[in-house]
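Visitor: Protein sequences, first through last, are from chains Y and D.
So the first sequence is numbered by my numbering: it starts at 77 and just counts up by one.
So the second sequence is numbered by my numbering: it starts at 87 and just counts up by one.
Since the hints were made in silico from the structure, they are not lab data.
Don't take every hint at face value.
[What the hints assert, rightly or not] Selected chain D positions facing chain Y (in silico; Cβ < 8 Å):
(1) A203
(2) N220
(3) K307
(4) Q522
[As the list claims (entries may be wrong)] Straight-line Cα separation of at most 16 Å, EDC-like style, residue types lysine to aspartate or glutamate; simulated pairs:
(5) K348/Y / D334/D
(6) K276/Y / E180/D
(7) K380/D / D442/Y
For clarity, every value in this text was computed on a predicted model and none was experimentally measured.
Beta carbons: idealized from backbone N, C-alpha and C, even for Gly.
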Amino acid sequence: MTTRTKNSSGKAVGPGLSLGSTASVPALLAKILGLGAVLGAAVSLTPLLLAGGEWALLIGLWAGAAGLLAVYSTKRLVPLKYLLPGTLLLTVFVLLPILSTVQLSFTNSGDGTRGSKEDAVSTIVRNSVTQLPESRTFNLTVGTTGSVADGPFTFFLVEAPANGIFAGDEQGLRPLAGEDVTVDGGYVRGAGGYQILTGKEVNAAGPKISGLTVPTDKGAIRAQGINRAFEGVQTLTYDAGTDSITDSVSGKVFTVQQFGDREYFADANGSKGFDQSWERNVGFANYVRLFTDPQVREALLGSFVWTLVFAVGSVATTFVVGLLLATALNDPRIRGLKFYRAVIIVPYAIPVFISFIVWQSFYNKDFGLINSMLGGAKIDWLGDPFLAKVAVLLTNLWVGFPYMFLIATGALQALPQDIAEAAKIDGASSWTTFTKVQFPLLLVAVAPLLVSSFAFNFNNFNVIQLVTGGGPFPASGGQIGATDILISGAYRIAFGGAGAEFGFASAISVVLFIVTAVLAGIQFRYTKALEDVR
Amino acid sequence: MRTALTKPLARKARLSLTTAAAVSLMLLASGCSGGQAPAGGASGAASESAAAAPQTGEAASGEAPARGDADLVIWANGPVVQALQPIADKFGEENGITVEVQTVATELQTNFVTANASGNGPDIVMGAHDWIGNLVQNGAIDPVQITAEQKADLLPVATDAVTYNGQTYGMPASVESLVLIRNKALAPEAPASFEDLLAAGNAAVAAGTAERALNLQVGPKGDAYFMQPLYSSAGGYLFGKKADGSFDTADLGVGKEGSIAAAGKIAELGEKGSKVLSTSVSADNSIALFNQGKTAFMVNGPWALGDVKKAGIDYGLSAVPGFAGMEPAQPFTGVQSFYVASKGKNKSFAETFVQTAASQKETQRALYEAVRIPPAIASLVEEVAQTDPDTKIAADAAAAGIPMPSLPQMAAVWAPLGQAEAAIAGGADPAATMEQAGQTIAGALK
Numbered sequence: 077m078t079t080r081t082k083n084s085s086g087k088a089v090g091p092g093l094s095l096g097s098t099a100s101v102p103a104l105l106a107k108i109l110g111l112g113a114v115l116g117a118a119v120s121l122t123p124l125l126l127a128g129g130e131w132a133l134l135i136g137l138w139a140g141a142a143g144l145l146a147v148y149s150t151k152r153l154v155p156l157k158y159l160l161p162g163t164l165l166l167t168v169f170v171l172l173p174i175l176s177t178v179q180l181s182f183t184n185s186g187d188g189t190r191g192s193k194e195d196a197v198s199t200i201v202r203n204s205v206t207q208l209p210e211s212r213t214f215n216l217t218v219g220t221t222g223s224v225a226d227g228p229f230t231f232f233l234v235e236a237p238a239n240g241i242f243a244g245d246e247q248g249l250r251p252l253a254g255e256d257v258t259v260d261g262g263y264v265r266g267a268g269g270y271q272i273l274t275g276k277e278v279n280a281a282g283p284k285i286s287g288l289t290v291p292t293d294k295g296a297i298r299a300q301g302i303n304r305a306f307e308g309v310q311t312l313t314y315d316a317g318t319d320s321i322t323d324s325v326s327g328k329v330f331t332v333q334q335f336g337d338r339e340y341f342a343d344a345n346g347s348k349g350f351d352q353s354w355e356r357n358v359g360f361a362n363y364v365r366l367f368t369d370p371q372v373r374e375a376l377l378g379s380f381v382w383t384l385v386f387a388v389g390s391v392a393t394t395f396v397v398g399l400l401l402a403t404a405l406n407d408p409r410i411r412g413l414k415f416y417r418a419v420i421i422v423p424y425a426i427p428v429f430i431s432f433i434v435w436q437s438f439y440n441k442d443f444g445l446i447n448s449m450l451g452g453a454k455i456d457w458l459g460d461p462f463l464a465k466v467a468v469l470l471t472n473l474w475v476g477f478p479y480m481f482l483i484a485t486g487a488l489q490a491l492p493q494d495i496a497e498a499a500k501i502d503g504a505s506s507w508t509t510f511t512k513v514q515f516p517l518l519l520v521a522v523a524p525l526l527v528s529s530f531a532f533n534f535n536n537f538n539v540i541q542l543v544t545g546g547g548p549f550p551a552s553g554g555q556i557g558a559t560d561i562l563i564s565g566a567y568r569i570a571f572g573g574a575g576a577e578f579g580f581a582s583a584i585s586v587v588l589f590i591v592t593a594v595l596a597g598i599q600f601r602y603t604k605a606l607e608d609v610r
Numbered sequence: 087m088r089t090a091l092t093k094p095l096a097r098k099a100r101l102s103l104t105t106a107a108a109v110s111l112m113l114l115a116s117g118c119s120g121g122q123a124p125a126g127g128a129s130g131a132a133s134e135s136a137a138a139a140p141q142t143g144e145a146a147s148g149e150a151p152a153r154g155d156a157d158l159v160i161w162a163n164g165p166v167v168q169a170l171q172p173i174a175d176k177f178g179e180e181n182g183i184t185v186e187v188q189t190v191a192t193e194l195q196t197n198f199v200t201a202n203a204s205g206n207g208p209d210i211v212m213g214a215h216d217w218i219g220n221l222v223q224n225g226a227i228d229p230v231q232i233t234a235e236q237k238a239d240l241l242p243v244a245t246d247a248v249t250y251n252g253q254t255y256g257m258p259a260s261v262e263s264l265v266l267i268r269n270k271a272l273a274p275e276a277p278a279s280f281e282d283l284l285a286a287g288n289a290a291v292a293a294g295t296a297e298r299a300l301n302l303q304v305g306p307k308g309d310a311y312f313m314q315p316l317y318s319s320a321g322g323y324l325f326g327k328k329a330d331g332s333f334d335t336a337d338l339g340v341g342k343e344g345s346i347a348a349a350g351k352i353a354e355l356g357e358k359g360s361k362v363l364s365t366s367v368s369a370d371n372s373i374a375l376f377n378q379g380k381t382a383f384m385v386n387g388p389w390a391l392g393d394v395k396k397a398g399i400d401y402g403l404s405a406v407p408g409f410a411g412m413e414p415a416q417p418f419t420g421v422q423s424f425y426v427a428s429k430g431k432n433k434s435f436a437e438t439f440v441q442t443a444a445s446q447k448e449t450q451r452a453l454y455e456a457v458r459i460p461p462a463i464a465s466l467v468e469e470v471a472q473t474d475p476d477t478k479i480a481a482d483a484a485a486a487g488i489p490m491p492s493l494p495q496m497a498a499v500w501a502p503l504g505q506a507e508a509a510i511a512g513g514a515d516p517a518a519t520m521e522q523a524g525q526t527i528a529g530a531l532k
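The shape of chain Y in the complex, shown without the other chains (with noise of 0.2 Å):
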């Protein structure tokens, strides 16, 4: 902590916004600034928690507005000043978004899933209000005896086509003459004792006034928008007591059944009335299927092994490019040094999405670069599992070997010069020289940029997707391609064709974190054991 320490002008030296306490005037400025800002951030959150009932949420919120001005207001807990910040982004980007995969995990979520069973029954109900091909509209406008807010709400209509003039309210339906309203433009604009509500005031009022239906003997009236009314009949009916629903034309009950990990209404014959499933928990059942279904586990331990193949390969293919090209380049006799080496990182300057797309278009087989450069061969590159693995990892080695020949350049050019004098003065030839001194020692500089390296290929989902699109996929019709690596398979999964999985999805999310963690676990003791070489 040498930030207190003070210069002759009694400016607060040392890194940057001094943490600890300072007397500065500025420094002290900027923490009030900045404490205010997470107070005031935290109470214009609250009402919004509140209204959402977030209470998990709210509580999080304070606890971090709370750990935040106890640390930055008194001037002990100076390790937390350093750590908390990190903590709280580490919190928020990181664990809750592992959390809530692991959560829904145990779902069902996806497509079809969405809501609860409250939202799937009154879609379901609502969505069954038709039109009979018989009935009427009117043109509508809305009056109150009450507020505009709250009703008491009166329709008044004017059928369209027929100009017969009406009120309607909960009782039913009665005609009105000509000379109790004002009636212009096909619309009743005015009417004794009753207030005539916008086109805004109805929007507002909008989930109450859709609300309202004006018996009648066909069905029902209802708004739709802020100036029109359709006959209609609703032809299901939801019984909470029995929990099903009953179709008052053709008398079909359903009751809720279950269909794989759904839950449906369905008839008493079991077939599926409606599309609208919900929510729920299905405990281990997406593990379940994850390890048991033949089908999926076939493709995911395909795509395990592609996987570590591809991030083992990726690295491996760029890491000895990039070594090779440095160690050539890095003896000083060569002309133009700079030059080659500017060269060299030109694949590194062009945007990796722009690389991969322009590279999928090299592969076709008929109009792509590589074949016609190769005699206008017919090498099927993206049609073949095999080939297609073998474009993908050539394509990754165009944009990965820059990378890694800059760290190879950067670790040998850190090598003391004296060591290779040393073992060329002991008689060792050059390639001794590199392989049983220099080598090891850039090995313990670069061994974490190659775990790095690693994990990211690992989840390398930008060159699966721009480059094969995950395909070749089976004739057969599975989802998951010849070269998906796990991230891009289980993004196939959520997202692809199918209809999304989330629940599945994130079983497969939460295995393949699983995996990684363990993976990295093991390279970093193997990278610690390097550390022995010096």
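We have chain Y already, so just place chain D on it with the hints.
Guide: Chain D only, in chain Y's frame:
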């Protein structure tokens, strides 16, 4: 990441966590889809094509857009946005409200479903009609009552398309389907049958004026939307129909007799046959290759015509012909429609906008002028046909097509069927591959 943090403010903790997890999964999957062709395979192809084809190149961020402060918010995609704004402004003026049209450049459907569920969605969304099944099963949209007069004005195919399980869920705005575009310099006459098409195309290739007879995009993953004209001409169907006209998911056509015949035809045209169909022709290069003037025919949508014109090709338009002596070729028809969000904040205005403004002729004319896709109002098609015969041809092709099934079950059909067709075009055994695809789909539908 902003989404993950702001979303939870809306509904129940459960839901927000779902969203957060979904977003984090997306982040894991990284912001990759920026500026990429729709990755969802065939299901995306038709839905996004109309809007996406003449992309104006907005920076596509993976982040779901946030609802603004306007009274009424409309989400749409592509050049229609510019055309919609004046219409929205007019509606706003009439009702004393502010209306905003927002561009959602990528994954409009998914973003809409997620945002709507958390209460941050728009009031109105515009998209292809084949979204309806998924939107309904997720409870994301409300029915739209189309009056008898409106129905009488609309093309029948358009009202059919937005009808799902006996209920209408959207207001049709435009119709689109695949057509046959020919390079008049290489193939002067519109072919009457697919065999004529091949003969004319191959003659041009033999004469050395063309390099390819036909561009029908297959791609490595296949594309069941683009293969549909051939598939239907040979007698293939996806789902049978019940007596009331709705689809019967128990009667799957893939793997049945008609589809096997189609598979045979695809194999004849594939790598081991006449090599007209190739997996190397994909969405990425089909239009570009045609525009080089080296391809006699191309099967594509009217959305491709802008590029074709720009390339200076003297083109002709006609319906995709069927095989001689077989059924007529029926492409899938897609209908861009307006939907009312189920959890919009201003549903009454949304319903009125969709009911009235969206169905007006002037609206559809403005949309037509922006994207050059045939409008859904029959009389407007006739009016436009006076100055733009291409649109009439495209509209007739769409009217003769099959409304793309909007069943959520289609999600289980597009990919396996496309993959099977691509494999068959690449030389796999036609009958066995198609039957296998049928089994895969049937298994997924259980």
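Visitor: Each hint should be assessed against the structure and marked as holding or not.
Guide: Cross-check of the supplied hints:
no. : hint            : verdict
1   : A203            : holds, 5 Å
2   : N220            : holds, 6 Å
3   : K307            : holds, 5 Å
4   : Q522            : holds, 5 Å
5   : K348/Y / D334/D : holds, 12 Å
6   : K276/Y / E180/D : holds, 11 Å
7   : K380/D / D442/Y : holds, 14 Å
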